[in-house]
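Chemist: Start from the sequences, fold in the hints, and give me the full structure.
Residue numbers (the numbering used here), protein chains in the order written: chain F, 46 to 523; chain P, 203 to 315.
By construction, these hints were calculated from the structure, which means they are not laboratory data.
As a list, the in silico DSBU-like pairs of lysine-lysine whose alpha-carbon atoms are at most 30 Å apart:
1) K184(F) <-> K455(F)
2) K310(F) <-> K425(F)
3) K93(F) <-> K184(F)
4) K310(P) <-> K139(F)
5) K208(P) <-> K139(F)
6) K425(F) <-> K267(P)
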Amino acid sequence: MDLDTLTIDQARTDIAQGRTSAADLTELFYSRIEERDGAIGAYLTLCKERALNKAAGIDDLVRQGKPLPPLAGVPVGIKDVMVTRGVRTTAGSKILNNYIPPYTCTAVERLEAAGAVVLGKMNCDEFAMGSSNENSAYKPVHNPRDLTRVPGGSSGGSAAAVASGTAIATLGSDTGGSIRQPAAFCGVVGLMPTYGRVSRYGLIAFASSLDHIGPLTKTVKDAALMLRTIAGRDPMDSTSADVPVPDYVAQLAKPIHGLKVGVAKEYFGDGLDSEVRTSVEGAIQKLAKCGCEIIPVSLPHTQYAIPTYYLVATAEASSNLARFDGVRYGHRAAGIRTLSEMYERSRDEGFGPEVKRRIMLGTYALSAGYYDAYYLKAQKVRTLLTRDFEEAFREVDAIVTPTSPTTAFKLGEKSDDPLAMYLADIYTVTADLVGIPGISIPCGEDREGLPIGLQILGRHFDESTILRLAHTYESSRN
Amino acid sequence: MKVTEKDVLYVAGLANLELTEGEQARMVRDLNSILEYMDRLNTLDTTDVPAMAQTSDRFGLDQSKQGTERFSYTYREDIHNGLRPSLPHDEALANAPETDGTFFTVPKVIERA
Chain F
46 MDLDTLTIDQ ARTDIAQGRT SAADLTELFY SRIEERDGAI GAYLTLCKER
96 ALNKAAGIDD LVRQGKPLPP LAGVPVGIKD VMVTRGVRTT AGSKILNNYI
146 PPYTCTAVER LEAAGAVVLG KMNCDEFAMG SSNENSAYKP VHNPRDLTRV
196 PGGSSGGSAA AVASGTAIAT LGSDTGGSIR QPAAFCGVVG LMPTYGRVSR
246 YGLIAFASSL DHIGPLTKTV KDAALMLRTI AGRDPMDSTS ADVPVPDYVA
296 QLAKPIHGLK VGVAKEYFGD GLDSEVRTSV EGAIQKLAKC GCEIIPVSLP
346 HTQYAIPTYY LVATAEASSN LARFDGVRYG HRAAGIRTLS EMYERSRDEG
396 FGPEVKRRIM LGTYALSAGY YDAYYLKAQK VRTLLTRDFE EAFREVDAIV
446 TPTSPTTAFK LGEKSDDPLA MYLADIYTVT ADLVGIPGIS IPCGEDREGL
496 PIGLQILGRH FDESTILRLA HTYESSRN
Chain P
203 MKVTEKDVLY VAGLANLELT EGEQARMVRD LNSILEYMDR LNTLDTTDVP
253 AMAQTSDRFG LDQSKQGTER FSYTYREDIH NGLRPSLPHD EALANAPETD
303 GTFFTVPKVI ERA
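Modeler: Right, here's the structure in full:
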């Protein structure tokens, strides 16, 4: 069995038809992890006993001839910002080094209810803050395509595991591009659903108005299968939307002929690598050949997206991360005498440099005297960015852009310059601010063989259209 | 330089962070470089633009309703029986750095003079 190309459907069919068992497949993946993950570092925690129990349950169903759930026996990995009952969850931070959650994230619960086997928890930037996975407090992740390069971030472990065949699919989270950018860097598919499409219950909060859970997979069809499983209203998250979930998989085959696809010049300006540009332009031509009408659109406020994003996201983060106080869970500094000393010392020891930087920036932007100039200003520009997309989506059904201005950079290349790292998110942050869905799919390689990602953005709650476009484009390349 | 060392200490206090001296100097440098970039927002006139705190009050809701009524899908009837049980006491305490078996314990808040 070729684990590098194994998809959800193939795995489930092989199990259903007795060519393998869920237990054997699970063991096979653990051997693969043993063999490959030492050099990559995608996993932070393995939960083998739990996984084998789950797989045994699937194999019982097969033996009894009972109907199998849609993800029966499919080995998956979960980004370590989603809580899993009884399985250590760190958010990539030392402050949660020994945290064993007493409950499970809704998205994970839904995957498991559909038969998926959770192999372990994926490495990520601390509290999902980063674009290279170098902010993990435990270890960096190496890009499977070139071990000297970053896998992207913050869902770097989730992307690298799919790319190295140590999981068939994974869950990641996206607050400013953290699913799509690592998907692009590692050459896999990454889908960020509409804000509210997937419950955030059990996702350790970074920026609550921007956080999304979504899948990373080898194929668009697998992404559709994963989304169909995790999407839908959840009473435990009042921001999860009460909007019907279509059958994304069934809709993939619908022809894309006649769809209007927008191309925004603001996403092809200075700073875009020429090989990325050529590759993305080639993909746009391919969509035209498939019968799409290509229409130029303008998103005039794009240059304001990064400052807006880093003000809104850090302000929300500074508030969300106030809960880490060394009282109910997490690290508590030793030898402290007063309560305030306990808070300050525990947080200083527990958080890494980037997390502290963002807490400081967010606290500053919310503090008296600066609130109007920074936080409120950013919230207003968020409205302007949203209007840009509302205008554009009157003319077009989807918008295509590069996912990232460059291919994967070297480990250490940007880690000393926070601003340079923030600018790597230029093409992804706006979709988070606006709440629209986006997918990144591989569209080529540069001359060093590094993957390039094509991003397709859609209207709110219209994941079907971007999945159809992505699926048709993917099929046209094979 | 917009942000001074004094500002950094003040904000660190608000954020309950104790920064080492090395961290303070680095923070002054980083915050200034980042905020300088943020200043490009001030070239935009946003006088009549409403602030946006979240996306869900613009999309996916019944647009004919006003105010909190637009979020009425999150309402439910009161439940008198069959509420989800709370987290068991021992599980709620299990991750705490320090407890006395019943409560979370912390250093004394008020010291005797």
